[in-house]
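Mapping of the sequence shown onto the UniProt record's numbering: position 168 corresponds to residue 168, and the numbering continues sequentially without gaps.
Keep in mind the hints are simulated off the structure, nothing from the lab.
Computed list of lysine-lysine pairs in PhoX-like fashion (alpha-carbon distance at most 25 Å, straight line):
(1) K84 <-> K97
(2) K135 <-> K148
(3) K106 <-> K118
(4) K158 <-> K148
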Amino acid sequence: MAAEGPKKAEAEAEAAAETVATAKAVAAEEEAVVPAPGPPAGDSNSKALVVVVDKVADKPCAVNNTPRNSNDRDIALAKVEIEKRNSLIKAWEENEKSKAENKVAKKQSVILSWENTKKAVIEAQLKKKEEQLEKKKAEYGEKMKNKKAVIHRQAEEKRAMVIAQCGEEVLKAEEVAAKYRAKGVAPKKFLGCFGA
Numbered sequence: 001m002a003a004e005g006p007k008k009a010e011a012e013a014e015a016a017a018e019t020v021a022t023a024k025a026v027a028a029e030e031e032a033v034v035p036a037p038g039p040p041a042g043d044s045n046s047k048a049l050v051v052v053v054d055k056v057a058d059k060p061c062a063v064n065n066t067p068r069n070s071n072d073r074d075i076a077l078a079k080v081e082i083e084k085r086n087s088l089i090k091a092w093e094e095n096e097k098s099k100a101e102n103k104v105a106k107k108q109s110v111i112l113s114w115e116n117t118k119k120a121v122i123e124a125q126l127k128k129k130e131e132q133l134e135k136k137k138a139e140y141g142e143k144m145k146n147k148k149a150v151i152h153r154q155a156e157e158k159r160a161m162v163i164a165q166c167g168e169e170v171l172k173a174e175e176v177a178a179k180y181r182a183k184g185v186a187p188k189k190f191l192g193c194f195g196a
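Using the sequences plus the hints, can you model the full thing?
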């Protein structure tokens, strides 16, 4: 039984050393550089985040003949858990920020396409109105040209009538003058009371 005591102590010391080595390995894995998510595409105002991890050279542990306390191991494991939790929180935070930025970019894209669609509709309506006004202007111009043509034709008819009347009066005057010449009489004045 006396021989079992030192063997048991040695086994416990080896188990403690393995636990410390395992804790250091886990801590080393946790300290590994986690690549930061890249900035969202198309965002020119975003600034790149660079994760800087100071590598501290692992100091070789001085071999102590005294076994480590379980309290030290618990503290080391608690630190590892805290670091792990903090890295998960940081990754979650970056992910949520990225999601929010992507959502904003998507909504802005939707708003921009809505704005462009509405502007295009208004431009089409404006063009249609301009075409209608141009058509009305052309129709109105045609009506005015037709009215001018009608007025010009009426004026030509009136001129022709005036010229015809003048020609008739000239012929009548020539006929009357021929009668007077044939009779040899002078023409009488009309409305003699007004004459001199």
